[in-house]
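Novice: Sequence:
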Amino acid sequence: MADDRSPLERLLWDKIGPPLYYCADCLRTVKVKPVEGGEPIITRPCGHTGQIMAPRKAICVGKGGASIGTRAKIGAMQIASVITGRTV
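The opening residue of the sequence shown carries number 1 in this note's numbering; numbering runs sequentially from there.
Note that these hints are calculated values from the structure, not bench results.
Note that CB positions come from ideal geometry on N, CA and C, so glycine has one too.
Some clues are possibly wrong.
No more than 25 Å apart at the CA atoms, straight line, and that leaves these computed lysine-lysine pairs for DSS-like [claimed, not checked]:
#1 Lys57 / Lys33
#2 Lys73 / Lys57
#3 Lys15 / Lys31
#4 Lys73 / Lys15
#5 Lys57 / Lys15
#6 Lys31 / Lys57
Pairwise CB distance ranges, derived in the manner of DEER restraints [stated by the list, open to error]:
#7 Gln78 / Asp14: 20 to 26 Å
#8 Gly50 / Arg10: 16 to 22 Å
#9 Lys31 / Ile74: 24 to 30 Å
#10 Cys46 / Lys73: 33 to 39 Å
#11 Gly65 / Ala2: 43 to 49 Å
#12 Ser67 / Val88: 18 to 24 Å
When you get a sec, could you build the whole thing from the sequences and use the hints?
Specialist: In structure tokens:
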């Protein structure tokens, strides 16, 4: 697997986290735009046609539900992901 990321992309990956979608071949960011009732529009700066990685953090809650602190933390993580476009 080649690492074709720019120095800025590597810094963001290390400090903030991986992008929401990236190419499995070269690790560069891939833009995915959902389409209602159809296949998403995929824009790749690299031109590869391989697999797209979509890392996510899993959140599990038991029977009792989440506490206020846990819900606040989850909400902050979701807002940070929307703002940065990365898995935080």
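Novice: Mind listing which of the numbered hints don't hold for this structure, in increasing order?
Specialist: none
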